[in-house]
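S.K.: From first to last, the protein sequence lines are chains A and B. Each residue of the first sequence is one higher than the one before, starting from 55 at the first, in the numbering used here. Each residue of the second sequence is one higher than the one before, starting from 6 at the first, in the numbering used here.
Derived by calculation from the structure, the hints in this document are not laboratory data. Note that the structure is predicted; figures quoted are calculated from it, not measured. Even glycine gets a Cβ: it sits at the ideal position worked out from N, Cα and C. It cannot be assumed that every hint is accurate.
Unchecked claim - Label pairs and their calculated CB-CB ranges:
no.	chain 1	residue 1	chain 2	residue 2	range
1	A	213	B	498	37 to 43 Å
2	B	63	A	201	49 to 55 Å
3	B	96	A	259	36 to 42 Å
4	B	511	A	104	21 to 27 Å
5	A	202	B	511	40 to 46 Å
6	B	167	A	201	17 to 23 Å
7	B	114	A	201	58 to 64 Å
8	A	355	B	453	26 to 32 Å
As the list claims (entries may be wrong) - Every beta carbon over 10 Å from chain B, so not counted as near; a handful from chain A, in silico:
no.	residue
9	112
10	125
11	140
12	210
13	211
14	217
15	240
16	296
17	356
Here is how the chains run, residue by residue.
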Amino acid sequence: MKRRDFLKAAAITGIASTIKLSDGMDLMAQKVTKTSARPDLVAVMGGDSVTMFRKAIAEFGGMSHFVKKGYKVTVKPNIGWDKSPEMAGNTNPALVAEIVKQCIKAGASEVIVFDHTCDDWRKCYANSGIEAAAKAAGAKVMPGNEESYYREISLPKAVKLKKAKVHTAILDCDVWINVPILKNHGGAKMTIAMKNHMGIVWDRGYFHANDLPQCIADICTINKPAVLNIVDAYRVMKSNGPQGRSLTDVVTPKAMFMSTDIVAVDTAATNFFNQIEKMPLESVKFIARAADLKIGTMDLSKLKVKKIKI
Amino acid sequence: MTLKRIRVVLAVVFFALTTFLFLDFAQLLPKEFQILTEIQFIPALLSGSLLVFLSLLLLTFFLGRVYCSVICPMGIFQDIITWLSNRFTRKKKYRFSKEKKILRYSVLAVVLISFAAGGTFLLSLLDPYGAFGRMATNVFRPIYLEGNNLLALLFNSFGNYTFYHVDIFTLSLLSLIIGLITFLTIGFLAWRYGRTYCNTICPVGTILGFISSYSLMKIRINDGSCNNCGKCETKCKASCIDSKTSKIDYSRCVDCFDCMKVCKQKAITFGFAHKEQKTKTPSMPDNSKRMFLTAIGATTLIAPARLYAKGLAKIKSNTSYVKKHPLSPPGSESAEHFLHHCTACHLCVAKCPTHVLKPAFDEYGLGGIMQPRMDFVHGYCNYNCVTCSTVCPNDAIKTLTVDEKHTLQMGHVVFVKTNCVVFTDETNCGACSEHCPTQAVKMVPYKNGLTIPSVNPDICVGCGGCEHICPVRPFRAIYVEGNPVHLQAKRFKQGEQKEVKLDDFGF
Numbered sequence: 055m056k057r058r059d060f061l062k063a064a065a066i067t068g069i070a071s072t073i074k075l076s077d078g079m080d081l082m083a084q085k086v087t088k089t090s091a092r093p094d095l096v097a098v099m100g101g102d103s104v105t106m107f108r109k110a111i112a113e114f115g116g117m118s119h120f121v122k123k124g125y126k127v128t129v130k131p132n133i134g135w136d137k138s139p140e141m142a143g144n145t146n147p148a149l150v151a152e153i154v155k156q157c158i159k160a161g162a163s164e165v166i167v168f169d170h171t172c173d174d175w176r177k178c179y180a181n182s183g184i185e186a187a188a189k190a191a192g193a194k195v196m197p198g199n200e201e202s203y204y205r206e207i208s209l210p211k212a213v214k215l216k217k218a219k220v221h222t223a224i225l226d227c228d229v230w231i232n233v234p235i236l237k238n239h240g241g242a243k244m245t246i247a248m249k250n251h252m253g254i255v256w257d258r259g260y261f262h263a264n265d266l267p268q269c270i271a272d273i274c275t276i277n278k279p280a281v282l283n284i285v286d287a288y289r290v291m292k293s294n295g296p297q298g299r300s301l302t303d304v305v306t307p308k309a310m311f312m313s314t315d316i317v318a319v320d321t322a323a324t325n326f327f328n329q330i331e332k333m334p335l336e337s338v339k340f341i342a343r344a345a346d347l348k349i350g351t352m353d354l355s356k357l358k359v360k361k362i363k364i
Numbered sequence: 006m007t008l009k010r011i012r013v014v015l016a017v018v019f020f021a022l023t024t025f026l027f028l029d030f031a032q033l034l035p036k037e038f039q040i041l042t043e044i045q046f047i048p049a050l051l052s053g054s055l056l057v058f059l060s061l062l063l064l065t066f067f068l069g070r071v072y073c074s075v076i077c078p079m080g081i082f083q084d085i086i087t088w089l090s091n092r093f094t095r096k097k098k099y100r101f102s103k104e105k106k107i108l109r110y111s112v113l114a115v116v117l118i119s120f121a122a123g124g125t126f127l128l129s130l131l132d133p134y135g136a137f138g139r140m141a142t143n144v145f146r147p148i149y150l151e152g153n154n155l156l157a158l159l160f161n162s163f164g165n166y167t168f169y170h171v172d173i174f175t176l177s178l179l180s181l182i183i184g185l186i187t188f189l190t191i192g193f194l195a196w197r198y199g200r201t202y203c204n205t206i207c208p209v210g211t212i213l214g215f216i217s218s219y220s221l222m223k224i225r226i227n228d229g230s231c232n233n234c235g236k237c238e239t240k241c242k243a244s245c246i247d248s249k250t251s252k253i254d255y256s257r258c259v260d261c262f263d264c265m266k267v268c269k270q271k272a273i274t275f276g277f278a279h280k281e282q283k284t285k286t287p288s289m290p291d292n293s294k295r296m297f298l299t300a301i302g303a304t305t306l307i308a309p310a311r312l313y314a315k316g317l318a319k320i321k322s323n324t325s326y327v328k329k330h331p332l333s334p335p336g337s338e339s340a341e342h343f344l345h346h347c348t349a350c351h352l353c354v355a356k357c358p359t360h361v362l363k364p365a366f367d368e369y370g371l372g373g374i375m376q377p378r379m380d381f382v383h384g385y386c387n388y389n390c391v392t393c394s395t396v397c398p399n400d401a402i403k404t405l406t407v408d409e410k411h412t413l414q415m416g417h418v419v420f421v422k423t424n425c426v427v428f429t430d431e432t433n434c435g436a437c438s439e440h441c442p443t444q445a446v447k448m449v450p451y452k453n454g455l456t457i458p459s460v461n462p463d464i465c466v467g468c469g470g471c472e473h474i475c476p477v478r479p480f481r482a483i484y485v486e487g488n489p490v491h492l493q494a495k496r497f498k499q500g501e502q503k504e505v506k507l508d509d510f511g512f
């Protein structure tokens with residue numbers, strides 16, 4: 055498909071979507087409005103990140119379905135480690151750049167990209183390639199290294215994590231998009247969309263000291279969830295995650311999962327990962343805990359799933 | 006351009022750049038400027054940079070103590086203070102004073118003896134470059150960072166993130182205090198008396214002073230045109246011109262050329278000798294200053310022990326332990342090598358992007374007070390970072406390549422299972438393993454589907470990621486024990502490169 059054709063299609067679907075969903079708040083209530091033709095979850099395989107993203111977002115009616123004119127948008131990739139893109143420690147910079155571009159095209163007045171990194175943030179931002187790619191695409195890259203960038207919120211629905219300091223880029227934007235990379239994880243078993251929330255909070259130590267899976271589920275009860283979760287599985291870290299030691303930890307299954315339901319997308323991605331390395335769904339405890347909190351569903355059979363192979 | 010003007014311009018450039026090296030957290034200054042620290046006297050001596058060292062000696066032999074006026078940041082710092090003092094208070098009129106020869110050489114002797122006996126502390130304390138570095142790192146740098154944070158606050162409030170917030174914390178109370186004392190003491194002496202530090206205490210000043218007594222080119226007073234007005238003497242911040250006898254004590258002259266500028270008779274020139282001047286008259290040392298110094302020395306040696314005793318309150322709710330050895334920086338080879346080469350200029354401390362290097366207290370023993378050690382409270386040693394090893398002018402930290410660093414074992418991991426949350430609370434954690442670049446800490450099956458850390462010290466590099474991130478307090482469940490001699494870590498076994506071909510999504 056030509057770029058122009060695609061854009062036309064995207065624009066038309068976008069317009070159509072605004073007619074259907076005149077009330078912007080419907081975005082938050084997607085779980086109940088399952089009557090539309092749109093899928094709940096899109097899985098794509100076989101292309102490069104940008105192509106797969108374009109295919110998938112088109113299924114949702116284009117980025118303008120999520121990003122309205124004038125919106126301040128925050129894109130939250132995983133930039134946790136001082137690793138180059140091939141090491142699959144961080145989200146693919148090309149994907150981040152494409153998301154930023156589409157947000158701007160959809161009329162976003164500002165797109166912010168940030169992460170609360172594990173390694174030194176300057177090195178992570180630079181060596182992941184994300185800082186440069188996001189800036190070139192027109193985003194503002196914001197630091198997350200200092201407590202003053204965070205503000206405390208309460209999480210009334212949470213079990214253990216009753217309050218947390220969350221980055222202002224999340225709290226002050228109109229919508230935010232969660233863009234994790236699919237990785238194995240020594241402590242939490244997997245790191246996907248839910249675990250990526252540990253990069254929006256200041257005090258991660260609390261998570262580790264107070265029942266990590268529960269806290270991961272808890273932070274996802276935030277009253278401003280990501281409007282879209284895009285799981286980058288072009289490269290996947292199959293072992294020694296989340297950091298990885300060498301390229302032998304990385305495989306390239308070239309896939310992507312996209313959903314408004316964070317529990318569903320983590321479920322799907324874990325099932326996908328299970329084909330590469332054994333990873334039974336029940337071993338990834340935070341997914342079930344999140345389902346218990348009614349954040350989303352693990353029952354993919356109840357969802358409208360669109361699978362695309364390129 | 007007069008000689009003085011040339012001196013001032015060069016000095017300002019050298020000083021500004023050298024100081025900025027210590028402040029420059031954002032790495033604006035290209036790496037090449039590192040050379041400014043490598044041409045310093047004590048660093049050149051300790052790193053064994055024969056070329057630099059001999060050049061400095063030759064420079065002094067030809068031109069006198071140009072080093073002290075143009076290259077040494079502590080010397081220029083004093084000149085700046087003196088200049089400020091003259092601008093904001095009544096102009097100083099210096100008077101010739103006799104050389105404190107016994108004091109100078111005693112200090113030098115004590116420094117040399119203590120260094121030979123294995124203690125770098127005294128040399129570190131008095132080395133003008135090291136002392137300046139500590140001032141810059143512990144006193145000036147926080148101010149610079151504070152300025153940056155103000156800018157960041159301002160710009161960020163307008164949605165501009167060109168400036169970003171940086172962490173400011175006291176690296177070490179002792180180093181801050183010593184940095185402040187150095188600043189105040191030398192600053193005060195410079196404000197009131199000019200180059201007193203350089204000509205009574207500074208061991209480099211004493212050595213170069215000795216050579217400059219015999220230097221080929223010197224400031225010279227032409228007896229024929231001199232009318233003994235005494236103006237030059239009042240302008241001499243080294244107090245080394247005796248206008249009554251038209252004699253100059255060359256062991257103290259730092260080639261500032263201030264005297265040339267004020268001489269109305271143009272009787273003062275800089276050049277080769279026609280006949281050798283003799284100015285040597287032994288003098289008694291000034292007792293009060295001597296006592297002052299002894300007091301300072303004694304305090305700095307005793308105070309740490311007292312301070313240390315205060316900081317030992319510990320809670321015993323989890324398994325306690327004591328680290329047997331401190332972790333010296335990557336490239337320092339061994340605590341022994343480090344101890345004998347580092348003069349605690351703290352340039353590595355200032356440059357360490359993860360704030361893992363901090364001045365030691367007594368971890369290395371009394372001889373190594375203020376020398377940087379790795380401390381994992383604010384960060385851990387980045388696996389791919391070799392910054393400290395590239396900035397050390399003393400070669401106390403030798404240059405490493407990233408690949409060399411990957412198998413360098415500065416310390417090794419120790420797991421304290423009884424403190425681990427997986428053991429105590431039976432919940433997932435894995436923060437340590439997550440931060441381990443070699444998987445020397447690996448999560449292995451435990452019970453109820455949980456995983457618990459398992460350590461393999463052979464492939465551990467001692468980066469401290471695990472210790473830094475472990476959420477257990479007061480004693481962490483995992484820590485890094487220092488290697489007194491750095492070892493070679495085994496390379497971890499790589500898995501097999503495999504490519505997956507998936508046809509299905511798995512759901």
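S.K.: Check the structure against each numbered hint from earlier and tell me which ones fail, lowest number first.
M.R.: Of the numbered hints given earlier, those the structure breaks are 3, 7, 15, 16, listed in rising order.
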